[in-house]
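Visitor: As you go down the protein sequences, you meet chains A and B in turn. Reading the first sequence from the start, the letters are residues 2 to 381 in the working numbering. Reading the second sequence from the start, the letters are residues 199 to 386 in the working numbering.
The hints are simulated quantities; they were obtained by calculation from the structure and are not laboratory data. We put the beta carbon where it would ideally sit given N, CA and C, even for glycine. Take these hints with a grain of salt, some might be off.
To be verified - So the derived label-pair ranges between C-beta atoms look like this:
id, chain 1, residue 1, chain 2, residue 2, range
1, A, 63, B, 280, 52 to 62 Å
2, A, 350, B, 314, 39 to 49 Å
3, B, 360, A, 354, 48 to 58 Å
Claimed, not checked - If you want the ones that stay clear, here's a sample from chain B, every Cβ over 12 Å from chain A, calculated:
id, residue
4, 199
5, 200
6, 204
7, 229
8, 237
9, 246
10, 249
11, 254
12, 257
13, 264
14, 275
15, 282
16, 313
17, 339
18, 340
19, 352
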Amino acid sequence: MRVGLVCPYAWDVPGGVMAHVRDLAETLITMGHHVSVLAPVEDDDAVLPPYVRSAGGVLKIPYNGSVARLAFHPKAAAKVRRWLRDGDFDVLHIHEPVAPSASVLTLWAASREPIVGTFHASMDRSRGLDFWRPALQPALEKIRARIAVSPAARRYIVEHVGGGVVLIPNGVAVAHYAGAAPLPGWPAGTTGAGGGDIGFLGRVDESRKGLPVLLAAFDRLLERRPHARLLVAGPGAVDDVAGDLPDRVRERISFLGRLSEEDKARAYRSVDVFCAPNTGGESFGIVLLEAMAAGAPIVASDLDAFRRVLDGGTAGELFPVGDAGALAATLDRLLGDPGRRSELCARGAEVVRRYDWPVVAEAIVAVYETVLTAAPTAGR
Amino acid sequence: MTEVALLVAAVVLLATYLTWTASRLDRLAARVEAAWSALDAQLVRRAAAAGQLAAYERRHSGLDPSAAKVMEDAALRARIATPVERQDVENDLTRAIRAALGAGVLRGGRSEQLLDDLRDASNKVDLSRQFYNDAVRDNEGLRRRPVQRTMCRFRRDPYRSYFEIADAAIRGSDRPASPERRVSDLPA
Chain A
2 MRVGLVCPYA WDVPGGVMAH VRDLAETLIT MGHHVSVLAP VEDDDAVLPP YVRSAGGVLK
62 IPYNGSVARL AFHPKAAAKV RRWLRDGDFD VLHIHEPVAP SASVLTLWAA SREPIVGTFH
122 ASMDRSRGLD FWRPALQPAL EKIRARIAVS PAARRYIVEH VGGGVVLIPN GVAVAHYAGA
182 APLPGWPAGT TGAGGGDIGF LGRVDESRKG LPVLLAAFDR LLERRPHARL LVAGPGAVDD
242 VAGDLPDRVR ERISFLGRLS EEDKARAYRS VDVFCAPNTG GESFGIVLLE AMAAGAPIVA
302 SDLDAFRRVL DGGTAGELFP VGDAGALAAT LDRLLGDPGR RSELCARGAE VVRRYDWPVV
362 AEAIVAVYET VLTAAPTAGR
Chain B
199 MTEVALLVAA VVLLATYLTW TASRLDRLAA RVEAAWSALD AQLVRRAAAA GQLAAYERRH
259 SGLDPSAAKV MEDAALRARI ATPVERQDVE NDLTRAIRAA LGAGVLRGGR SEQLLDDLRD
319 ASNKVDLSRQ FYNDAVRDNE GLRRRPVQRT MCRFRRDPYR SYFEIADAAI RGSDRPASPE
379 RRVSDLPA
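I would like the entire structure built from these sequences, with the hints used as guidance.
Guide: Have a look at this one:
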């Protein structure tokens with residue numbers, strides 16, 4: 002099958018949608034399909050994998066609390082048309098189809114290929130789509146099959162766009178995480194001797210990722226476990242969140258900054274407990290899947306999305322959102338209970354199998370096959 | 199002079215709008231037809247797979263013979279159903295498949311292959327029904343608007359309405375039939 006995938010966000014800036022498109026493309030290629038990805042590229046000198054075609058440079062637009070990098074200009078439109086002509090695709094799979102970038106440009110330009118659209122965002126706080134929907138309706142009508150990656154994204158589509166959506170969850174490349182080697186010196190293996198290594202992954206200066214909650218909890222944990230360490234992986238201004246910490250806390254924390262894919266997998270393998278203290282705004286919880294794939298026991302905020310990914314809370318310990326005291330107690334208890342930790346690992350490994358990319362990609366291919374069943378009469 | 203220019207501009211705008219709307223109606227009508235042919239094909243595939251599995255199992259006794267017989271009959275009726283009875287007959291087939299799979303444990307090489315075919319076809323029945331109903335909904339949404347409704351009087355698109363059947367997917371834990379959603383639960 003010749004599949005054209007469209008990613009609206011810059012390929013060279015790590016992000017959830019981009020990672021999804023990349024993993025899907027690579028899994029489909031392994032399955033023997035021909036795949037081409039169209040994505041904006043921020044840095045002209047970026048080295049792209051052979052299956053990626055650039056949709057041109059990006060405009061930076063502040064949106065929903067972060068900066069969206071979008072290709073929405075005449076040059077991108079021309080690149081979209083050329084890509085469609087060269088690609089001769091059996092099926093077009095557009096991610097975030099209404100994003101004002103390569104996605105909506107492709108939706109406008111495509112005329113022949115059956116189109117599948119995947120919606121990622123839940124965007125509870127954005128009224129953007131409601132405002133533009135009348136203008137986008139004709140383009141939305143071209144989408145033959147709609148996929149949502151989370152119940153929150155599905156609810157968003159049902160309420161704001163109307164109609165049905167197929168739920169196919171985000172995938173995770175389980176083998177990539179399960180096989181990674183821990184970072185040198187981690188974990189120290191001191192859980193039985195007043196220690197224990199805890200991991201965090203996410204933007205450090207984005208408050209809804211919850212690092213301040215974890216830092217407050219970690220401070221308290223050190224009273225009970227003076228040898229505990231905290232591994233923080235993720236981009237952002239460290240001084241904004243850690244500037245006021247006393248030295249005795251600060252020196253127990255390693256800030257690793259933004260990590261490569263390789264090192265990210267190793268970081269998950271380097272801790273005794275992985276913590277996701279998010280305070281909201283999460284529609285899926287991909288970090289939890291990655292942690293489960295890496296075999297790290299999880300302590301997470303009791304958010305709907307997290308509870309669901311953790312199979313009703315059976316594959317991780319949940320604590321009340323934003324409650325540093327409860328988090329400290331939960332961490333302390335779990336670090337002192339090796340039996341419970343290995344139980345959570347085993348349960349996590351079982352849960353994450355459903356989200357392994359080969360399984361998820363097969364469900365997506367079933368959608369392609371279903372829209373293609375109709376293709377011969379579908380032209381024009 | 200200005201009036202003439204304005205009139206010409208208005209006519210050109212109107213013509214552009216009507217042409218564009220007509221192509222939108224064309225596209226939606228084509229999408230509905232395509233989605234219907236996909237749904238039809240998947241339903242036929244499912245009936246064929248169910249019939250083959252039932253026939254095989256009846257001979258090799260993996261399934262309860264009476265449940266296999268019911269499934270085979272239901273599959274046969276699905277193949278020859280008229281458009282009017284189709285939704286009910288397909289629901290009957292879903293129930294018969296569930297009952298048959300709940301009644302007997304399927305094992306062994308060949309029937310496993312046949313069961314995989316049935317599972318895949320059932321899954322795709324659900325997908326294609328969803329995509330078809332979405333297409334119908336988008337189509338009706340547009341055709342209800344006044345200008346489009348008038349334009350549609352001059353078109354000869356076949357009328358297609360929602361196809362409502364209960365979920366067909368076969369899950370690991372399928373037990374004999376449970377109460378199904380009724381056909382009368384149609385969206386208004």
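Visitor: A cut-off of 12 Å on Cβ-Cβ distance, and residue 200 of chain B was said to be off the interface with chain A. Does that hold?
Guide: 31 Å, holds
Visitor: Taking the closest pair, is the beta carbon of residue 282 of chain B still more than 12 Å from chain A?
Guide: 23 Å, holds
Visitor: Regarding the assertion that residue 264 of chain B does not contact chain A, is the least Cβ-Cβ distance greater than 12 Å?
Guide: Holds, since 32 Å exceeds 12 Å.
Visitor: Is the Cβ of residue 254 of chain B more than 12 Å away from each Cβ in chain A?
Guide: Residue 254 of chain B clear of chain A: closest Cβ-Cβ about 24 Å, beyond 12 Å.
Visitor: Could you check that no beta carbon of chain A comes within 12 Å of the beta carbon of residue 313 of chain B?
Guide: 16 Å, holds
Visitor: Against chain A, does residue 249 of chain B hold up as non-interface, every C-beta pair farther apart than 12 Å?
Guide: Its Cβ never comes within 12 Å of chain A, the nearest being 20 Å, so this holds.
Visitor: Confirm or reject the statement that residue 340 of chain B sits farther than 12 Å, beta carbon to beta carbon, from all of chain A.
Guide: Non-interface label fails for residue 340 of chain B: nearest chain A Cβ at 7 Å, not farther than 12 Å.
Visitor: Grab the minimum beta-carbon distance between residue 275 of chain B and chain A and tell me whether it stays above 12 Å.
Guide: Non-interface label stands for residue 275 of chain B: nearest chain A Cβ at 23 Å, farther than 12 Å.
Visitor: Just checking, residue 229 of chain B versus chain A, shortest CB gap more than 12 Å?
Guide: 6 Å, violated
Visitor: Confirm or reject: residue 204 of chain B is not an interface residue toward chain A, with every Cβ-Cβ distance exceeding 12 Å.
Guide: At about 26 Å from chain A, residue 204 of chain B clears the 12 Å cut-off, so the statement holds.
Visitor: Does the Cβ pair residue 360 of chain B, residue 354 of chain A satisfy 48 to 58 Å?
Guide: The hint (48 to 58 Å, Cβ to Cβ) is violated, given that residue 360 of chain B and residue 354 of chain A are roughly 36 Å apart.
Visitor: Could you check that no beta carbon of chain A comes within 12 Å of the beta carbon of residue 339 of chain B?
Guide: At roughly 8 Å from the nearest Cβ of chain A, residue 339 of chain B sits no farther out than 12 Å, so the non-interface label is violated.
Hint violations for this structure: numbers 2, 3, 7, 8, 17, 18, all remaining hints satisfied.
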